[in-house]
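On the provided structure of chain A, position chain B as indicated by the hints.
Order-wise, the sequence lines are chains A and B. Residue numbering for the first sequence follows my numbering, beginning at 92 and increasing consecutively. Residue numbering for the second sequence follows my numbering, beginning at 50 and increasing consecutively.
The following label-pair restraints were derived from C-beta to C-beta distances:
#1 A:Ser277 with B:Lys114: 57 to 65 Å
#2 B:Arg112 with A:Ala148: 30 to 38 Å
#3 A:Arg99 with B:Glu108: 42 to 50 Å
#4 B:Asp76 with A:Lys141: 16 to 24 Å
#5 B:Asp76 with A:Leu123: 34 to 42 Å
#6 B:Ser91 with A:Gly240: 19 to 27 Å
Keep in mind that the hints were calculated from the coordinates and are not lab data. In this text, a Cβ means the ideal position worked out from N, Cα and C, and glycines have one as well.
One letter stands for each residue in the lines below.
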Amino acid sequence: MELINIKRKLATARRGHRLLKDKRDELMRRFLILVRENKQIRREVEKGLKEAQAHMAFAGASLKEEIINTALMLPKQEIFVDVKQQNVMSVLLPEFDIKYKSGDENDIYSYGYAFTSSDLDMAVKSYADIAVKMVKLAEIEKACSLMAGEIEKTRRRVNALEYIMIPQYEDTIRFITMKLDENERSATTRLMKVKSMMLEKVHRYSERGEQLD
Amino acid sequence: MYKIAAVGDRDSITGFASVGFSTFSTDDAVEAKKIIRSLANSQYAVIFITEKLLQLIPEEYDRYKELPVPAIIPIPGVTENTGFGLYNVGKFVERAVGSDIIN
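This is chain A alone, in the form it adopts within the complex (with noise of 0.2 Å):
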């Protein structure tokens, strides 16, 4: 019957609530571990980035364009990036894992000394600490979006079934139930009504003079 079947959902639909609200709280927790560290990290990156870049600019303004672009025409180093992807909450975050083109991560200056000045090489040693932090900051960032992305989904969900499904199955059940009680309590009062007929029928109380009970 209807009432069973939208009883059945309504249990399924209390259920889901819970556990949908279990994970949006959780997934606010671990969201907002990793937006403080976004921030500072980001912050730390962007401080670096400021300094490589002043003296990327001193080295510009000491050498001749063409001499730095021929510098850092070939590099030597070259970084790339492992992607796993990890599982949490159900949400698939990436993680970059940095490998290097060639074994020594200090190896970096790709041109001979007798060129270039120091700033440059302060230049290229800076821009290369900050890179393993940048990607760092990528992983966070990206993972920062994607569970943005899932709780706002997730409490959709939520309120979606806290205030909307479960309101209207537990109004329908309501309304079944009370017109099921209507159609029992009429039920019995037309019993009753027939029973007093065929007393009436039987033993003719009112040519008698009785009271019917």
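Showing chain B alone in chain A's frame:
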């Protein structure tokens, strides 16, 4: 094996060439859009882009927002920094919580 790219005006990104990021210099929004699309299709996991340039093409940022790769990350350039990077992180919080509660 995925690679890392840096996109932006020339002054801001030449330095990244030294550490082995692939650099693509442009000032133009349309061109940047093309670069990002081709990078996304060719094994780039991380794309660093200057704040200034990214603000010209927010729709490209949104397009890859829900995908695990590539990660498009705004970085400050040499000039015209707006603090968009941090503002953007605040946006995540706003999206998840409803308002930016972390300072």
